[in-house]
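Sequences and hints are given; from them, build the entire structure.
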Amino acid sequence: MSGVLIENISKFYFANGNRIQALDTVNLVIDDGEFICVVGHSGCGKTTLLNILAGFLKPSEGKITFNQSNSTNSLENDIGIVFQEYALFPWRTSIENVMFGLEMKGLSLTESKKIAQQYLELVHLGHAANIYPHQLSGGMRQRVAVARALAYDPDLLLMDEPFGALDAQTREHLQSLTEEIWLKTKKTVFYVTHNLSEATYLASKVVVMKANPGRIYKVIDIDLPRPRDPLSDEFVRIQRLLNNSIKDDDLTGKISIGDYE
Amino acid sequence: MNNSYTSAVNEGGNISRNNFRLSITWLIENSIPFLVLAIIWEFIVQMKFFPPILMPSLVDITSTGWRMILDGTLLQHTFSSVTRLMLGFAIGSLIGVAIGLVMGQNRMAEKFFLPLLSALMPIPGLAWIPLFILWFGLGDLATVAVIIFSAALPVAFNTWTGVKSANPVWVRAAQSMNCQGHKLFLKVVLPGSLSMIFTGLRIGLSQSWRALVAGEMLSSPNWGMGFAIFDSRQFLATDVMLVMVMCIGLIGFLIVTVLFGIIEKYTVVKWGMLQEVGA
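So the sequences go chain by chain: A and B. Sequence positions in the first sequence follow my numbering and run 1 to 261. Sequence positions in the second sequence follow my numbering and run 1 to 279.
For the record, the hints were derived by calculation from the structure and aren't laboratory data. Ideal Cβ positions, reconstructed from N, Cα and C, are used throughout, including at glycine. Hints are not guaranteed to be accurate.
[Claimed, not checked] Listed next, the in silico DSSO-like pairs over lysine-lysine satisfying Cα-Cα at most 27 angstroms (straight line):
| # | chain 1 | residue 1 | chain 2 | residue 2 |
| --- | --- | --- | --- | --- |
| 1 | B | 270 | A | 113 |
| 2 | B | 183 | A | 113 |
| 3 | B | 187 | A | 113 |
| 4 | A | 105 | B | 187 |
| 5 | A | 58 | B | 187 |
| 6 | B | 265 | A | 113 |
[As the list claims (entries may be wrong)] Sample of chain A residues with no beta-carbon within 12 angstroms of chain B, all distances over it, derived:
| # | residue |
| --- | --- |
| 7 | 5 |
| 8 | 43 |
| 9 | 215 |
| 10 | 222 |
| 11 | 223 |
Okay, structure coming up:
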């Protein structure tokens with residue numbers, strides 16, 4: 001059982017003498033093999049939560065437990081991350097990028113090469129193994145990044161708006177590729193996005209977050225059959241539900257006083 | 001999406017096929033300013049503003065150059081100069097890269113070295129030569145010392161900048177795959193800052209080259225291009241001076257532009273981290 005338990009996580013910053021609460025007592029259970037999408041407006045703390053899961057930030061309060069290792073330190077756990085920006089190493093070819101994590105695990109060169117090639121083929125980039133990242137299109141780079149994160153065989157895959165910078169068509173293509181890979185590999189995925197249709201398409205569970213202070217507002221399970229049809233009534237209904245949960249934020253009082261003080 | 005991959009490859013092929021024609025065009029374009037300069041020079045010589053012994057014609061310079069090639073003196077001067085340069089530059093850039101990397105990694109080191117670098121950077125290497133001659137005596141050591149000094153400063157400064165400006169996402173990505181300590185440094189920080197390190201090395205090398213010529217003039221070794229220029233002054237051998245000046249320019253150009261151009265072509269340019277200069 002390789003789930004993750006997030007208990008009472010809070011995070012504050014101090015800026016100009018003011019205490020800013022980025023996250024307020026966040027509780028969440030991530031089950032093994034779940035595809036969790038976190039949605040919310042900017043400032044709702046979704047990326048902060050991801051960074052805490054990744055171990056880049058320390059929570060001010062609360063703790064995260066990785067069931068696999070029973071450890072609370074993210075850096076001790078096998079976590080794969082796909083960033084929004086292109087985080088590929090420009091000095092390594094596609095396959096060498098995918099091999100990075102395998103080298104870190106101490107695998108032999110031949111073995112890493114073999115596994116890396118398999119993962120490149122998983123993202124349909126087997127033919128681009130010896131190309132440098134700057135020669136690849138944006139969508140292809142993110143596919144290599146996905147292959148790199150997966151080849152490391154992480155217990156938890158974090159994705160921070162991975163396709164946010166891509167054009168709509170490429171984005172759609174990569175969404176269905178992501179689904180296909182998730183169905184094949186059964187990885188636990190924690191996926192941050194602000195795109196509600198993307199969340200509805202991919203998630204088995206959507207976490208809606210709100211700002212001021214950053215907190216979990218709603219958790220919605222989606223058990224539509226896959227692949228999902230974005231034009232079906234059910235799909236549209238769920239997307240509307242998400243849209244309404246997010247919208248409340250703008251319409252109800254929260255913004256009025258706190259923000260302008 | 002397959003198309004963009006193949007087109008990248010095709011472009012690569014075309015570039016190498018066109019390389020030869022491009023470099024001919026490049027050569028012609030860049031020769032024109034020097035031709036104009038040569039014509040103006042010859043014109044002034046013919047006008048006899050200066051006596052011919054002070055301003056030799058291009059024919060005289062060329063024949064002197066040819067004589068110096070044949071009797072081996074040109075080679076001997078060049079060889080001693082380049083040896084000194086390489087020795088000083090190798091030591092200086094190693095020190096510079098080391099200091100820069102430590103500064104980029106460690107806040108204490110940064111606080112310690114940054115004020116020193118900022119204060120020492122604006123001082124021309126030439127200013128130290130008399131002092132170094134007093135300390136290390138006339139000859140090679142003083143010259144090499146000033147080269148080390150001239151190379152180390154810009155290399156350290158640029159290396160530091162490179163480490164600081166290397167994309168933090170690379171470091172995070174590596175850390176998430178359990179890459180830490182010296183592995184993180186060797187596999188990510190170093191290649192990530194390589195293009196800035198090369199910039200530093202280029203600047204360091206051209207500074208070293210200047211320091212070398214100045215150092216040789218003052219510390220009077222037996223051989224060396226700077227020494228040859230200074231020594232010719234006693235014999236009014238302006239032709240020798242000009243041969244050496246041109247030679248210094250040419251070798252400096254070859255080392256800095258051609259050597260670094262090749263090194264960069266197979267590293268940072270290949271990785272798309274630096275646009276090819278002039279491309």
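Hints, one by one, checked against the model:
no. : hint            : result
1   : B:270 <-> A:113 : 21 angstroms, holds
2   : B:183 <-> A:113 : 19 angstroms, holds
3   : B:187 <-> A:113 : 17 angstroms, holds
4   : A:105 <-> B:187 : 14 angstroms, holds
5   : A:58 <-> B:187  : 26 angstroms, holds
6   : B:265 <-> A:113 : 26 angstroms, holds
7   : 5               : 20 angstroms, holds
8   : 43              : 21 angstroms, holds
9   : 215             : 25 angstroms, holds
10  : 222             : 28 angstroms, holds
11  : 223             : 30 angstroms, holds
Of the numbered hints stated above, none is contradicted by the structure.
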